[in-house]
Amino acid sequence: MVVIEMADDTLVAVGLHLDDLKRLRVLEPDVAQETSELKEECKEFIDKIGEFQSIVGGFISMVDGLSKEVEKEKMKAIGARNLLKSITKQREAQQQQLLALITEKRTQLERLRLQYDALLKVEAEQTDFVEQYLLQR
Amino acid sequence: MRLKTSLLKEPKHQDITCCVAWTSADEVYSVSDDHVILSWNNFTSEATKITQLPNEVFPTDIHWFPRTTVMGKQQSSASDFFALTATDGRLYLVSRTGKIEKKVEAHRGAVLSARWNHDGTALVSVGEDGQVKIWSRSGMLRSTLSQNSTPVYSVAWGPDNNVLYTNGKNLIIKSLQAGNAKPLQWKAHDGIILKADWNAVNNLILSGGEDCRYRVWDSYGRQLYSSSTSEYPVTSLAWTPDGELFAVGSFSTLRLCDKAGWSHALEKPATGSIFNIAWSVDGTQMVGACGNGHVIFAHIIERRVEWKQFELVVATRKTILVRNVTDDSREKLDFRDRIVKLSMAFNHLVVATTSQCYVYSSKNWNTPMIFDLKQSVSLIVQAEKHFLLVDSIGISLYSYEGRFLSSPKYVGLRANVLNLQTVSLSNDTVAVRDKADEKLVYLFEAHSGKALSDKPLAHKMEVVELALDQHGPMSERRLALIDKNRDLYLATVRTFGTAHKVMKLAVMIQSMSWNDDTNMLAALQDGRFTVWVYPNTAFVDQALLPKTITEKDSSEFGKNPFIISFLGNHVTLRRVDGSLVTTGITPYPAILHGYVSSAHWDEAVRLCRFVKETFLWASLAAMAAYAKELATAEVAYAAIDEADKVNYIQYIKELPSKEARNAEMALFGGSPQDAEGILLQGGLVFRAIMMHINLYSWDRALELALKHKTHVDTVLGFRQRYLVKFNKSETNKRFQQYAEGVDIDWAKIEAKIEMEEQKEREGKRK
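Protein chains in written order, with the UniProt record's numbering: chain P, 1 to 137; chain Z, 1 to 766.
Treat each hint with caution, since some may be false.
[Unchecked claim] Here are the simulated DSSO-like cross-link-like pairs (lysine-lysine), alpha carbons at most 27 angstroms apart as the crow flies: (1) K99/Z to K105/P; (2) K89/P to K9/Z; (3) K105/P to K318/Z; (4) K182/Z to K450/Z; (5) K105/P to K268/Z; (6) K559/Z to K85/P; (7) K612/Z to K552/Z; (8) K268/Z to K89/P; (9) K628/Z to K547/Z; (10) K435/Z to K455/Z; (11) K85/P to K268/Z; (12) K68/P to K89/P; (13) K105/P to K4/Z; (14) K612/Z to K121/P; (15) K455/Z to K121/P; (16) K728/Z to K759/Z; (17) K374/Z to K385/Z; (18) K460/Z to K374/Z; (19) K121/P to K552/Z.
Note that these hints are calculated values from the structure, not bench results. In this text, all values refer to a predicted model and were calculated from it rather than measured experimentally.
Work out the full structure, taking the sequences as your base and the hints as a guide.
Have a look at this one:
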């Protein structure tokens with residue numbers, strides 16, 4: 001026992017250790033233990049990170065897709081809005097054309113009205129004349 | 001009247017169409033910025049490619065070399081080609097097949113327009129460099145007419161080789177003769193003028209510009225019409241060749257207007273701006289060059305003619321609908337070809353199509369008289385017994401049975417510029433105003449087509465309008481004419497060797513028309529509507545003329561109305577705004593004319609007694625005096641308180657011989673020459689001498705006395721008495737000479753006079 005302990009001390013002095021299974025170790029068993037634990041944990045962490053990355057990647061591509069959709073919709077909306085604007089403009093132009101045509105018709109109507117009035121006057125004159133003529137006879 | 005337009009679904013040109021032109025009645029050439037010249041068939045609207053111009057040629061205008069008519073013969077110009085202007089500053093002469101015959105460096109910057117004059121002897125071109133250049137037929141530079149600081153956008157030839165061109169907001173007319181008077185220039189628009197046109201027939205100018213208006217001017221630069229502002233600038237306008245209508249083009253707008261300026265119809269086709277408008281030769285079809293590469297075709301439909309109870313409408317190109325308003329019966333007239341002109345008057349409808357002439361009687365719409373035409377008709381004028389067709393070659397008269405009668409012509413006749421104001425027809429006479437010298441009126445016998453006299457009637461001023469009366473015997477034909485000062489004159493037509501007598505009727509006349517069934521003349525005169533019941537009064541008793549008119553205020557017809565027709569007792573007028581108005585006159589003048597023409601003088605007097613109007617009495621007085629119906633004349637003059645004339649007529653009635661009475665009536669009408677002629681013909685020499693003595697025309701009296709070797713002493717005796725009375729001494733050489741050899745013995749003279757009177761009385765008894 002004592003021998004072992006002494007050997008231990010000598011080993012420690014040269015920086016070597018024996019583990020529980022009396023195998024020769026460079027690191028202290030406790031440290032070795034913790035190191036391996038750390039290693040395990042690291043591996044676990046890397047796995048998790050990897051998983052997270054794939055999840056995030058999926059998310060990003062999804063968001064990208066969404067943004068594309070949104071962009072498309074936006075363009076559509078703008079187009080529709082422009083179309084609407086141009087239609088109002090078209091309508092305005094059409095309205096103007098129709099107004100011009102209406103003015104034209106109105107002047108024609110006015111012309112016909114004047115003609116009609118003149119004819120009415122002639123008719124009245126003629127009736128007067130006939131009446132007068134009959135009276136004088 | 002409106003335009004019926006047709007437009008293809010897809011434009012045939014790849015780029016804007018710049019200019020268009022008619023080659024024949026049914027073919028159109030169009031040129032575009034895609035460097036292609038297309039030929040269009042008007043019926044099928046099919047376009048075939050003529051040629052591809054070089055890539056650097058961006059055309060601006062094309063104009064066909066005119067088919068010239070010289071002395072009534074059509075010269076089918078073998079060199080069928082056109083002038084094409086382009087933005088590269090060159091002027092191209094291009095053949096019908098599209099081959100560039102000649103290429104001339106014409107302007108710096110773009111050449112904007114080019115126009116041939118009416119006989120093709122000169123071409124005028126204008127460009128962005130502000131120059132106006134004149135070229136020969138073969139493309140040699142003749143002269144630079146004008147140089148301006150701004151681009152000249154449009155140019156047009158006037159009727160007398162004057163050039164009208166635009167300069168910014170101004171219009172300028174410059175004569176081709178060097179060193180001539182200052183060019184006429186006036187500000188025509190508030191924006192830049194883009195287009196101007198000048199019609200040779202009516203001599204009116206048309207302009208349109210960026211101020212979105214179009215305006216009509218006369219050749220002195222006076223504005224006749226100004227349109228209201230529309231939404232877009234006026235980019236094109238063009239007169240029809242006959243000058244009755246014009247078309248105005250702007251952005252997606254096409255307007256058809258009357259020559260007075262008011263608009264017949266408006267179309268809104270999807271064309272973009274219409275850059276150029278061209279009318280076909282017959283003036284019924286037009287074509288426009290559109291900004292979106294289209295070529296728009298249009299033809300006039302719904303042309304309307306009214307005559308008495310008939311209403312005619314050209315419904316389509318080849319059909320006319322006739323409606324009789326009194327019984328509402330309707331007829332549909334179909335034609336093989338396109339209708340070019342129609343005219344209805346005197347119970348006959350004359351329709352000219354592109355190849356034939358149809359004559360319908362209003363009693364029978366089923367069987368027209370048809371004959372073939374060689375040329376496209378530009379004018380139809382009707383009289384009661386026959387009608388007249390004007391085409392580019394000349395004037396032809398036809399009877400209503402379709403028989404060719406005659407073709408009046410004179411040296412220098414330009415038939416294609418005649419219109420209703422410058423040619424007139426009556427049952428026996430044709431009157432045509434000359435174009436080269438507007439003071440001359442050529443008169444022809446209708447049936448033979450021969451000139452009435454060697455020399456034409458020469459008025460002292462330019463004649464702007466003429467009209468022949470329609471009734472009465474041939475020898476009493478009268479020509480009414482309006483001159484440049486708007487004075488109205490009445491002239492005798494058949495003069496039998498003597499000069500034409502021309503009497504002034506009125507001043508400031510805007511428009512006139514003869515009645516269709518009596519010789520009444522209606523005119524519009526500065527705010528008044530006037531009817532001369534018997535215009536011939538001017539030659540019977542001029543002092544009476546103002547009393548023979550019936551007037552009314554014409555303010556109800558607006559400013560500057562125009563008389564369209566004077567049928568029966570109805571006058572139709574066109575107001576400035578284009579509306580037709582009708583007004584009536586009393587029916588009595590027509591009845592009076594009826595009685596007088598059938599020599600029912602008693603009824604005529606009874607009618608006047610019944611109506612009790614001065615103008616009617618005065619007209620009757622003139623009519624009776626003209627017909628030498630002394631009893632009626634006496635009554636009529638008495639009724640209008642002309643005591644002196646009544647006295648004179650009574651004196652005439654007492655005269656023993658017929659010749660003496662006729663001569664006195666001629667004196668009464670104020671024409672001593674006629675009176676002398678009548679007396680000498682009747683052998684009443686003494687009376688003729690006495691007439692001249694009484695008129696104090698001593699020389700003529702002495703001349704007659706010497707010629708007939710009688711009463712020389714009588715003349716000398718009266719001359720002496722006259723001199724003594726006025727306390728004068730003899731200064732007339734001839735009287736001095738004859739007075740020496742003759743003794744004046746009053747007893748002898750009186751005895752001779754007594755003897756003459758005795759002789760005359762005895763002559764009557766025999």
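Verification of the supplied hints:
no., hint, result
1, K99/Z to K105/P, "violated (47 angstroms)"
2, K89/P to K9/Z, "holds (23 angstroms)"
3, K105/P to K318/Z, "holds (26 angstroms)"
4, K182/Z to K450/Z, "violated (42 angstroms)"
5, K105/P to K268/Z, "holds (13 angstroms)"
6, K559/Z to K85/P, "violated (47 angstroms)"
7, K612/Z to K552/Z, "holds (18 angstroms)"
8, K268/Z to K89/P, "holds (17 angstroms)"
9, K628/Z to K547/Z, "holds (20 angstroms)"
10, K435/Z to K455/Z, "holds (16 angstroms)"
11, K85/P to K268/Z, "holds (22 angstroms)"
12, K68/P to K89/P, "violated (31 angstroms)"
13, K105/P to K4/Z, "holds (16 angstroms)"
14, K612/Z to K121/P, "holds (24 angstroms)"
15, K455/Z to K121/P, "violated (48 angstroms)"
16, K728/Z to K759/Z, "violated (35 angstroms)"
17, K374/Z to K385/Z, "holds (23 angstroms)"
18, K460/Z to K374/Z, "violated (37 angstroms)"
19, K121/P to K552/Z, "holds (14 angstroms)"
Violation of the numbered hints given earlier is confined to hints 1, 4, 6, 12, 15, 16 and 18; the remaining hints are satisfied by the structure.
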